[in-house]
Amino acid sequence: MNGASPNPSAAALQARFGGAIVGASVSCGDTIVVVARERAHEILRWLKETPGEAYDYLVDVTAVEYRDRERPLEVVYQLWSLPRRVFLRLKVELPKQEPLAVDSVVDLWRGADWLEREVYDMFGIAFRGHPDLRRILMWDGYAEGHPLRKDFPLRGRFSRAEQVRQALTKTPEAHHSVEELAVAEAFQQLSNDARQKLERAGGPGGA
Amino acid sequence: MDVKPGAVAAGGDAAAGLISSPNWITSRLDDLVNWSRANSLWPMPFFPACCAIEFMATAASRYDISRFGMERLGYTPRQADVLICAGRVPFKLAPMLRRIWDQMPQPKWCISVGACASSGGIFDTYAMVQGIDAIIPVDVYIPGCPPRPEGILYGIMLLQKKIKGESILDPTLRVEQLPDERGMFLRPAAVDELSEPFGNSVHQTRSA
Amino acid sequence: MGEKRTLELELATPGVDAEGRPIRVPLGVAEGRRAAAPDLRSELMLINIGPQHPATHGVLRLVVELDGEVVSRVIPHIGYLHSGFEKLGEYRHYNQIIPLTDRTDYLAAPSNNVALALAAEKLMGITITPRCTVLRVIACEMSRIMSHLVWAGTTAIDLGAFTVFLWAWQPREGIYDLLEEWCGARLTTSLTRVGGMMADVPEGWTARLRTWLQGLPKTLDEVDTMLARNGIWLGRTQDIGVVSAEEAVNRSLSGPMLRASGVAYDVRKDRPYLGYETYDFEVPIGEHGDVYDRYLVRMEEMRQSVKILHQALDRLPEGPVNAEDPRVILPPKHRAMSDMEAMIYHFKQVMEGVSAPVGEAYMAVESPKGELGNYFVSDGTAKPVRWRIRPPSFINLQALPFMAQGHLLSDLIAINASVDIVMGEIDR
Chain A
122 MNGASPNPSA
132 AALQARFGGA
142 IVGASVSCGD
152 TIVVVARERA
162 HEILRWLKET
172 PGEAYDYLVD
182 VTAVEYRDRE
192 RPLEVVYQLW
202 SLPRRVFLRL
212 KVELPKQEPL
222 AVDSVVDLWR
232 GADWLEREVY
242 DMFGIAFRGH
252 PDLRRILMWD
262 GYAEGHPLRK
272 DFPLRGRFSR
282 AEQVRQALTK
292 TPEAHHSVEE
302 LAVAEAFQQL
312 SNDARQKLER
322 AGGPGGA
Chain B
8 MDVKPGAVAA
18 GGDAAAGLIS
28 SPNWITSRLD
38 DLVNWSRANS
48 LWPMPFFPAC
58 CAIEFMATAA
68 SRYDISRFGM
78 ERLGYTPRQA
88 DVLICAGRVP
98 FKLAPMLRRI
108 WDQMPQPKWC
118 ISVGACASSG
128 GIFDTYAMVQ
138 GIDAIIPVDV
148 YIPGCPPRPE
158 GILYGIMLLQ
168 KKIKGESILD
178 PTLRVEQLPD
188 ERGMFLRPAA
198 VDELSEPFGN
208 SVHQTRSA
Chain C
8 MGEKRTLELE
18 LATPGVDAEG
28 RPIRVPLGVA
38 EGRRAAAPDL
48 RSELMLINIG
58 PQHPATHGVL
68 RLVVELDGEV
78 VSRVIPHIGY
88 LHSGFEKLGE
98 YRHYNQIIPL
108 TDRTDYLAAP
118 SNNVALALAA
128 EKLMGITITP
138 RCTVLRVIAC
148 EMSRIMSHLV
158 WAGTTAIDLG
168 AFTVFLWAWQ
178 PREGIYDLLE
188 EWCGARLTTS
198 LTRVGGMMAD
208 VPEGWTARLR
218 TWLQGLPKTL
228 DEVDTMLARN
238 GIWLGRTQDI
248 GVVSAEEAVN
258 RSLSGPMLRA
268 SGVAYDVRKD
278 RPYLGYETYD
288 FEVPIGEHGD
298 VYDRYLVRME
308 EMRQSVKILH
318 QALDRLPEGP
328 VNAEDPRVIL
338 PPKHRAMSDM
348 EAMIYHFKQV
358 MEGVSAPVGE
368 AYMAVESPKG
378 ELGNYFVSDG
388 TAKPVRWRIR
398 PPSFINLQAL
408 PFMAQGHLLS
418 DLIAINASVD
428 IVMGEIDR
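Protein chains in written order, with the numbering used here: chain A, 122 to 328; chain B, 8 to 215; chain C, 8 to 435.
Honestly, the hints are just simulated from the structure, not real lab data. None of the values given here were measured: they were computed from a predicted structure. Please note that a few of the clues may not be correct.
[Stated by the list, open to error] Calculated cross-link-like contacts (lysine-lysine; reagent style DSSO-like; alpha-carbon spacing at most 30 Å):
(1) C/K314 <-> C/K225
(2) A/K271 <-> A/K291
(3) A/K217 <-> A/K271
(4) B/K115 <-> B/K171
(5) C/K225 <-> A/K169
(6) C/K225 <-> C/K276
(7) A/K291 <-> B/K171
(8) C/K314 <-> C/K276
(9) A/K271 <-> C/K355
[Said to hold, decoys possible] A short, non-exhaustive set of chain C residues, derived as facing chain B with CB atoms under 10 Å:
(10) V157
(11) L173
(12) R310
(13) L416
(14) S417
(15) G431
Note that CB positions come from ideal geometry on N, CA and C, so glycine has one too.
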């Protein structure tokens, strides 16, 4: 199946964006286009809004870290065109020595909101311009790191006793989103670093 | 199926001196109290995951849990006798489980349904409590992934059997567990020991 | 689904005016309600629902900002069932991941098993046998029915009708019996293997499935009799949680959530797998995108699944269920014990697992909740570098704040139920 002809969108992207297209390949019948990080948002907008492309449905946003420590992380966008019934995978490579950040696509697809938060939670990749970028599956203030990174051990970094202790000393009713804090006036219950992070982001009620 | 002795008694030593010897009146009273307690257990369902679906099957048409006087699934811990934890409990959920247990009035019991609640099951990962007995005391463990409704009913019957063996003269049974200064209910070494991997753990395959 | 709504309810609350005459306050749309109420917007109230609450269908936590009884904002908190599936998958052989998929969407385990096997086979370039293809279709459609039955039952409980739950559980127990005969488990089936199935169906099983199929439409009709024209049900579900087609696409909704809004996207039709293009079935589409349409879509999907199951049983071919590929399929026990070559294959598979070529594959199926995708990245070893589940109810749930805004708190429960969430899949 690897010999299947690539999706014509790959050639169209090459023609339109030239140097911003790092590479294109076909794996298991799906076309993969790797694009430059700075122009990824622009390219995704073009793919969504150009009539001939019409990738209007964002299937998934995720990330991949390889076992090869030298290889860059990849942010993966799976796109589907509802009218044209075509599938395309777009990738952005993030070298590990640079800050892991890419532009958010929540302004293009509202559906990217939680998907990007999950990637942030699991890989520590920041999405610039995301309206509410905070952990989603692990709790706010989770101290062990980003679980899906390859240097994160399967059982976590702490001993089981320490994990249980940290879990039991959490406040179950803690509020974490800016909106809740603004209403609940619960800003004080946050940990110091979380409070500073929110203050930098405009503070409760300020955003 | 394993039946553990009653709740860990923090103040147990002082209370032990109060036990007077059983006599005809107390043993008759025990029989009456235990009979009524065992046959009208009000469960507090704590249903995070898959085992809950089998518990729903137990409560539904074919298996009909009301035969055991337990059809009143309360969902309010303050009016419940037995906490049924059916499903895996991640660390993020652990304080809720503990709080629900603390909110339940005495006398109270706990059934741990399924492999994940009892031992972490196949999820020997960074996110999962390796058995809820690191968080709350458990009376009956029901094995299975998930256990069949018959297994759940058998676990309930085991709990009823256990209740029928209790005595009102034993104050250690009703002593609440209190947290130590670290906020834990067991010694860290005990938690680590309870959480040791076994069986189907990541040690099973070492090929990569 | 073109049927017109014949029952229009006018809900009203009686009250009295200054002269003591009864007045009627319209309880129609949110704007009307806001306008009719006196201005009490001095303070918003924050209430917390969950994570242990019967109406959140698992361990979902909703922080709701209320203006009186009107929801002004919902902030869902998830992750209370995060178990590390994707991390664990990186430490498992492809076949060992299949038991994990049982426990993601545990209401419809067989379709998860099929989804994972299809993704691994796409990655490895394995062709499955015709009998296996049809058996997998049967597994998928059975899981659609069993998931939607639970949905109908639990949603009805949330809206105050307990009987539907008991009625819906009867045919579900029938499916449990059939699955148990097939694979030995009721709920966590692990039905598939890469390149085949864990077992062929036993003798006489197809006849028993047919008998069960004959009984199901009666149950569905009964549920419809209870709900589809029930004044309370209509009042609680119609025009509640409306999502337009554009919004639904923009929010990446899938499955019945998307189709109730009128978008005819069904992976079985748009990206056919397992030969779905050769089956004769319809994809039901809603018009209004509200809770009631989602109910209608799911009920009709069950009827269509019955249709597909009949066709699959008619065409079920004889032959082997496992592919003739010694790389991935264990040789039969008698050959592994007597034949040197078979023994080597057996040893290598058990000890080293099945290695996939370098590459990546995304394979989506139409699970009962929506588009369930499995994305594998392989570096040539027997364990994936990355196993990603595209969880349909995770993505569907994130539209909840949008849908619930401006509705009553009690409607939030109906809207949440209509998403058909299962926390095992959302939190993974």
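Quick rundown of the hints versus the structure:
1. C/K314 <-> C/K225: 14 Å, holds
2. A/K271 <-> A/K291: Since the Cα atoms of A/K271 and A/K291 sit roughly 27 Å apart, the hinted pair holds (cutoff 30 Å).
3. A/K217 <-> A/K271: Between A/K217 and A/K271 the Cα gap is close to 12 Å, so the pair holds against 30 Å.
4. B/K115 <-> B/K171: Holds, at roughly 14 Å.
5. C/K225 <-> A/K169: Distance of about 45 Å is beyond 30 Å: violated.
6. C/K225 <-> C/K276: 27 Å, holds
7. A/K291 <-> B/K171: With Cα atoms ~37 Å apart, A/K291 and B/K171 exceed 30 Å; violated.
8. C/K314 <-> C/K276: 15 Å, holds
9. A/K271 <-> C/K355: The given pair, whose Cα atoms are some 26 Å apart, holds under the 30 Å limit.
10. V157: 7 Å, holds
11. L173: 5 Å, holds
12. R310: At about 22 Å, which exceeds the 10 Å cut-off, the nearest Cβ of chain B leaves the hint on C/R310 violated.
13. L416: 17 Å, violated
14. S417: 17 Å, violated
15. G431: 5 Å, holds
Checked against the numbered hints given earlier, this structure breaks hints 5, 7, 12, 13, 14; the rest are met.
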